[in-house]
Structure formats: structure tokens, C-alpha cells
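K.L.:
Residue-level listing of the chains:
Protein chains: 2
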Amino acid sequence: MEKEISTAVIRRLPRYYRYLGSLMDNGITRISSRDLSRRMGLTASQIRQDLNNFGAFGQQGYGYNVEKLYYEIRKILGLDKTYNMIIIGAGNIGQALLNYINYQRRGYNFVGVFDKNPKLIGLNIRGTVIRDIDTLENFLDNTKVDIAVLTLPGNDAEEVIKIIIDKGVRGIWNFSHMTIKTPPGVVMENVHLTDSLMTLSYKLKEESKE
Amino acid sequence: MEKEISTAVIRRLPRYYRYLGSLMDNGITRISSRDLSRRMGLTASQIRQDLNNFGAFGQQGYGYNVEKLYYEIRKILGLDKTYNMIIIGAGNIGQALLNYINYQRRGYNFVGVFDKNPKLIGLNIRGTVIRDIDTLENFLDNTKVDIAVLTLPGNDAEEVIKIIIDKGVRGIWNFSHMTIKTPPGVVMENVHLTDSLMTLSYKLKEESKE
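For the protein sequence lines, the chains are A and B, in the order given.
For the first sequence, the residue numbers in my numbering are -2 to 207.
For the second sequence, the residue numbers in my numbering are -2 to 207.
All clues stand as given, with none of them false.
Each pair may be met inside one copy or between any two copies, as identical chains are not told apart.
Computed cross-link-like contacts, SDA-like style, restricted to lysine to any residue with a CA-CA straight-line distance of at most 20 Å:
#1 K206 / T79
#2 K164 / M185
#3 K200 / H189
#4 K200 / I162
#5 K72 / T191
#6 K200 / E69
Keep in mind that the hints were calculated from the coordinates and are not lab data.
Since this is a predicted model, take the numbers as computed values, not measurements.
Construct the complete structure from the given sequences, taking the supplied hints into account.
P.N.:
Below, the structure is given as C-alpha cells:
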């Protein structure tokens, strides 16, 4: 039934998902593509095209069923599953991600946080004790981990990536500067904060030239 | 002299910049495109093309002058300038960004942090006192701010974006869920953490189907 969906559409789905979630929170049960478009900064025809991709057709004079669409997108994004997650690198960004959202609500279940810094090991961050990075391999032998969040320096990341892939972790949410070609079956999503800030600086500089 | 550089190249420049910086830290003065490519996961010809864009030609048998290239890219990215920066939203991510790196070193100068939460207002985060969001307009009347970092909930971001643009802030580093079309002269760089994680979940789900 499910057909191939383009990466561009997939990248927009979280936005639909978030927005539909907030509509549900506000008790709204249906929405037209025009209202969606006004809110999301996309054209109505773009929205219709995107949603048609997975067989969600709005009805003339009715629009989309918010709840149905929400759960459909949730399923497509794989958010109806639960993911065991570890954080490697308990510095500022690592700790912030641990606290950021109640990920459990979305099916992300933190099962361990690791660091090599003796000052951090043993600290309790909102109920999660920071473990010694040296215990990572052993931990992975005993615990199924779906996603590893890498919030450690690039130099350290290279070795860690080898270990986690070797131990069967298949999802990597990478905040480190290390970019590698992942082997088949392993997926990686990069968030390069400093690169993003440098890109902003570049755009600012370009704007001020005009 | 400077010609139009494509967005794709610009997005790779921070990686070159970071890598060249680490070479300099290690006392390496020159590098071949082949060594660069091995390290960066790009082909040597891609690297030559990228760098040719701004007139940095490697020399046969010598390669690139690391320091010269570093400072050239620095200039192109606008990193030779200093940017006054504020953070709006002093929650986990806001505080982590404040601490993350010594941004000053790169020309990012934090001049203020704002929040609406009375429990946070007045707290001192590494030498920066969190201010009341209600004082933001007045602050912007008196202080030149180049970049505002938005680390507050999407619902609150809409009004804040209006205020900061109205007060002349031209760069927005946006971590909130609010995405808007910025007016001419204002540039925005989005980092959508939850969207990135959802995309990772989707890829994981797709991989496990195969």
C-alpha cells in the first residue's frame, strides 16, 4: 500500500505532525488545506500534494480529519514505536537534550548517559546517572539501544561510532563534528550547530553588502 | 573580485573551516586536496571545485596553504567580524547554547539573555544575568544586537520575532517551532531538533523494513 515518499516531503512531515498535534490539543477536529497553508507558510496546493502522497485526501467542503491525519503521519514517521536511546557526552548540549522535552511521551526512552569526564560520572541528571564511557561496550551487550545521541567532541566520536555500530546500534543522532559514511543498515541524522551559526553569519554578511 | 557562491558550497565551508583550524592547532601548514578529501569524506575533485570557487588554487606538489585558506574561508563566512547576540528563552537549550562554546572566540558576543519565567529571571548563568522578557524592547532601543537566538516555545516566538525585527535585529538563529517568512534584509537559520529526531525515526523505520 505504502509507496516511496521523497525526502523533501518526509522533512516536512514533522511540521505537519506538530501542527496537527497542537490543533488536537485545542479541540479542533478538521482543517482545510487553506487554513493549514496559512499557518504553515506553504501553499495549499503544496499541502494537498504532500498529503496525497500517502493517500490522505481532503474532502471538498470538509477538509482533513485532524486526528486521522495526525495518527497517519505518526505512523509514517515511525513514532508509533518506542526507541531506546542513549546519550554519549553529558556536556551542556547532552544534558540539555536529556532535559529538553519529555521524550518518553513521543516514544523516546532514555536508557543511559555516558561521559569520560570523572567530574560528571556518577552525577544524577533528572533521575539518570551519568555512566563511565568505559562501560559502554558492556552496557550495549546487555541492553538493546536503537538510537545513540552523540554530543561529544569530534575527536572522541570516531572511536565511539565504531563501538556502537559494532554493538548493533542502528540510529545515530549526531551533534559531533565527526561526519562519516554509515554502513548499510545504519542511519545517521546530523545536527551541526556551529555550522548553522556560521551559515547565518555568512547570510548576514551577504545581506549587509546589498 | 568575489563572485556568487552556491548555497551547497557555503554549507560545506564551515566544515573546511573547522578542519583547517584543527590542522593549524596541530602545526600543519599545508595539505593536499587528497588528504583533505580522505579526512572530510568528499572527493578530491569536489574539494578542488569548492575551493576554486573563491580563487584558492592548490599548487601541484604542494597542496593548499592551511593558514591562508583558513583565513580566506573565515572572511567569506563573515567570521572576521564581531556579532552581538542575545538569547531569548533561557531553558535547557538556551542555557546550553550560552555555555556550549566560548563563542566570543569566534566573534560571537553574548550581550543578553531573556526569559519570561520569574523563576529564571535574575539567575546568573556563567556571568550573564537572565533578564525579564518584558525589558527586551527597551534593551534593543539601547543596545545594538546582530543576532537573536530563539530558544523559546513556538507560541511565544511569534510575538518576539515581530519585536526584534521591528527593533532592527537582522539575524535570527531559530530553535523554536515557529517558521516564518522573514522580511527583506532579515536572515533566519532554523535548527529544528525534534524534526531532526523524527526524520531519524523515519529512516530507522524504513531501514528495518528492508
